[in-house]
Amino acid sequence: MAYETTEMFSAIARRYDLLNKILSWGLDEKWRRQTAEAACPRAGSRILDICTGTADLALSFFNTQPHCRVTGIDLSSAMLDLGNAKINAKRGRPDIFLGRGNALDLPFEDSSFDITATAFGFRNIPDRSRGLREMRRVTKKRGKILILEFSPPKKNIFSAPVRFYISRIVPIIGGWMSRSAEAYAYLASSIISFLSPQEVCSMMREAALSDVTTRYLGAGAHLYVAVKP
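Here the sequence shown is numbered in the UniProt record's numbering, starting from 1 and rising by one per residue.
One or more hints might be untrue.
What the hints assert, rightly or not - Below are the DSBU-like pairs computed for lysine-lysine, each with C-alpha atoms no more than 35 Å apart in a straight line: (1) 30 with 141; (2) 90 with 30; (3) 155 with 90; (4) 155 with 86; (5) 21 with 154; (6) 154 with 30; (7) 154 with 90; (8) 21 with 86; (9) 21 with 155; (10) 30 with 155; (11) 86 with 141; (12) 30 with 140; (13) 90 with 140; (14) 140 with 21; (15) 86 with 30.
Unchecked claim - If you anchor each label on the Cβ, the simulated ranges turn out as follows: (16) 141 with 192: 34 to 42 Å; (17) 81 with 168: 27 to 35 Å; (18) 43 with 126: 34 to 42 Å; (19) 164 with 93: 28 to 36 Å; (20) 81 with 105: 19 to 27 Å.
Think of the hints as simulated: they come from the structure by calculation, not from any bench.
Using N, Cα and C, we set each Cβ at its ideal position, and we do this for glycine too.
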């Protein structure tokens with residue numbers, strides 16, 4: 001499953017950023033900025049961005065705190081290539097390193113980072129409990145762990161238009177623009193079938209994280225913040 005997902009994201013890499021902006025109504029950049037601000041990075045903070053994709057969250061951390069050090073990992077080389085191109089084009093020489101890495105087996109020593117985060121990648125991790133344990137392992141004591149992710153709309157009459165948009169419109173628009181309808185059908189289904197905010201918070205607590213909070217950012221996006229005790 002991980003290999004198939006990686007190949008899928010590689011196939012849509014070149015249109016991924018544009019489609020994110022269109023399908024999120026242009027809010028994805030704001031959400032990433034809010035995530036970076038919630039992490040409160042300091043000068044010299046070491047930050048890990050898991051499932052970094054094209055490095056948008058990594059760059060949001062740099063924009064929030066230019067003197068932090070960010071490492072971004074992803075399984076898709078195509079995504080990483082695009083991310084590196086954006087980093088190289090950025091003024092200020094961001095201290096951002098991108099490399100291939102598996103969220104289920106992070107290639108870092110224990111307690112390596114002050115902040116560990118992921119944006120719209122958590123639902124694609126095959127074993128989320130293990131992924132959370134890995135995030136906890138590489139985070140320093142009292143360090144923050146943040147997850148920015150979509151949640152499925154509640155099953156009621158008011159959510160029907162949202163469900164229709166996600167399950168019907170997103171695959172059509174995404175498939176037309178990326179020429180990969182299958183990829184956006186998967187992305188839509190991964191949102192519909194994802195955990196509720198309450199379940200994500202419970203999973204974070206089960207991973208021995210403390211001070212777990214969630215904040216609704218709008219348009220189905222939630223920000224989860226926890227601390228490694």
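Pairwise hint evaluation, residue 86 against residue 155, where the allowed Cα distance is 35 Å at most: violated, 39 Å
Restraint check for residue 140 with residue 21, where alpha carbons must lie at most 35 Å apart: holds, 33 Å
Hint consistency between residue 90 and residue 30 [alpha-carbon to alpha-carbon, up to 35 Å]: holds, 18 Å
Pair hint residue 21 and residue 155, alpha-carbon separation not exceeding 35 Å: Given that 35 Å is the threshold and the Cα spacing comes to 26 Å, the pair holds.
Pair hint residue 90 and residue 140, alpha-carbon separation not exceeding 35 Å: holds, 29 Å
Beta-carbon spacing of residue 141 to residue 192 - inside the hinted bounds 34 to 42 Å or not: holds, 37 Å
Hint check for residue 105 and residue 81 - Cβ pair distance inside 19 to 27 Å: Holds - the Cβ-Cβ distance for residue 81 and residue 105, about 22 Å, lies within 19 to 27 Å.
Given hint residue 30 paired with residue 154 - CA-CA distance at most 35 Å: It holds: about 23 Å lies between the C-alpha atoms, which stays within 35 Å.
Pair hint residue 86 and residue 141, alpha-carbon separation not exceeding 35 Å: holds, 32 Å
Restraint status (C-alpha distance of residue 154 to residue 90 at most 35 Å): violated, 40 Å
35 Å limit on alpha-carbon distance, applied to hinted pair residue 30 and residue 140: holds, 27 Å
Verdict for residue 43, residue 126 (Cβ pair) under range 34 to 42 Å: The hinted range 34 to 42 Å holds for residue 43 and residue 126, with Cβ atoms some 36 Å apart.
Going down the numbered hints, you'll see the structure goes against 3, 4, 7, 19, while the others check out.
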